[in-house]
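Enquirer: Going line by line, the protein sequences match chains X and E. Going by the working numbering, the first sequence opens with residue 438, and the numbers climb by one from there. Going by the working numbering, the second sequence opens with residue 1387, and the numbers climb by one from there.
Worth flagging that the hints you see were computed from the coordinates, not collected in a lab. Here the structure is a predicted model, which is why all the values come from computation and not from measurement. Even for Gly, the Cβ is constructed at its ideal location relative to N, Cα and C. You can trust all of the hints, since none of them are fake.
To give an idea of the chain X side of the interface with chain E (calculated C-beta under 8 angstroms), a few residues:
1. Ala-442
2. Ser-454
3. Glu-475
4. Gln-476
5. Asp-478
6. Phe-482
7. Val-483
8. Arg-484
9. Leu-486
10. Ala-487
11. Leu-496
12. Pro-497
13. Ile-502
14. Trp-503
Label-pair ranges, simulated between beta-carbon atoms:
15. X/Gln-495 with E/Asp-1463: 27 to 37 angstroms
16. X/Asp-451 with E/Gly-1548: 18 to 28 angstroms
17. E/Arg-1462 with X/Ser-469: 45 to 55 angstroms
18. X/Arg-511 with E/Lys-1572: 47 to 57 angstroms
If you want the ones that stay clear, here's a sample from chain E, every Cβ over 10 angstroms from chain X, calculated:
19. Asn-1439
20. Arg-1462
21. Asp-1463
22. Leu-1467
23. Asp-1481
24. Lys-1523
25. Arg-1541
26. Leu-1547
27. Gly-1548
28. Lys-1550
29. Lys-1571
30. Gly-1573
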Amino acid sequence: MTFRACSEQPDILDAASAGRELPAVLTAHLASCPSCREQVDAVTFVRGLAETADAPRQLPDPAVIWWKAQLLRRWQAERAASEPIERMRWIELAAGVASLAAFLVWQWQGLVTLVARAVPAGVAAASAAPQESSPMAIVLIVCGAASIGAMVLAALHRRLGGASY
Amino acid sequence: MADHAVTLDAEDVSAQQVEAGARPELLNESEFQDIYRLHARPLWAYLYRLTGNAADADDLLQEAYCRMLAAPLATRDDRELRAYLFRAATNAATDLWRRGGRGKRREEPLSDDAAGPARGGDAALKQDMARTFRDLKPQERMLLWLAHVEGSAHREIAAALGLKPASVPVLLFRARRKLAGLLRKKGYGPGDPS
Chain X
438 MTFRACSEQP DILDAASAGR ELPAVLTAHL ASCPSCREQV DAVTFVRGLA ETADAPRQLP
498 DPAVIWWKAQ LLRRWQAERA ASEPIERMRW IELAAGVASL AAFLVWQWQG LVTLVARAVP
558 AGVAAASAAP QESSPMAIVL IVCGAASIGA MVLAALHRRL GGASY
Chain E
1387 MADHAVTLDA EDVSAQQVEA GARPELLNES EFQDIYRLHA RPLWAYLYRL TGNAADADDL
1447 LQEAYCRMLA APLATRDDRE LRAYLFRAAT NAATDLWRRG GRGKRREEPL SDDAAGPARG
1507 GDAALKQDMA RTFRDLKPQE RMLLWLAHVE GSAHREIAAA LGLKPASVPV LLFRARRKLA
1567 GLLRKKGYGP GDPS
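Kindly generate the complete structure, drawing on both the sequences and the hints.
Expert: Structure (structure tokens):
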């Protein structure tokens, strides 16, 4: 299918699109040119179809569209406003996990001793071994681990809670 | 064609107006209702002929207006707004086809009420015409409608459909030729032009 249009075709199509009557010269050309005729037929058909589309149909209620658009705009504004908060939550969670990891590395020996003391089988061995952590250090370790754990849990809870709506 | 030509480059014009100092403003509800009353029916007719489905046409009409309302408008010119709406509707229809939504709803004829006062043979003819138009590809329907019903210029059609302006006349020629072939096949045309 190649693009070979007559030189008169633009004028003929313009007239057909606008519903104007063709000058005698173009009418004569149209009668003798099958290519122009089929192009005009197509244009006339589309314009005829457009006239049938002007039906008295009930269109969507503009008030509903207005309300929907307002809702969408508000939702987009809320999303844009909460984006930095959302980002901070991720940073908070990452910082909590990193702190917990650093704390575990730093106080690993103390935690091992604490666990050994808590387990009945290890109590004797722990009491026989030299004391590496004072009771105050143990309290600090427990409190530190608990607070970091709570922070991570809270951040996770917020993330999961935030994802649900 | 030039009498009622619409400009589909609403964004370009908006940008020019912003540069010239015009401040984009949000529409209020009564302004929106005026714009809706002015453009909704031709836009719905375009969408209905594209999708062949009244429910899809309703959805896409709403989406086009929602897109218009999502951001402040830099122009209140009716022609530019009309152009913007047709472009937004075309994009929404393209998105629908890309999502594969076209297959979900069956293409349907308008009900007797919607088809206007015509009944019987006239209504059947209209439905047959609509079916013939639906045999074209979506892009061909868009091209033909924008060119010959909306009277858009080739450059404007190219902007709306994301085509090169130089390819629009060729595609239009082919679309008209294909439609003429379909019309001949259905007995509407005068016969084989070759």
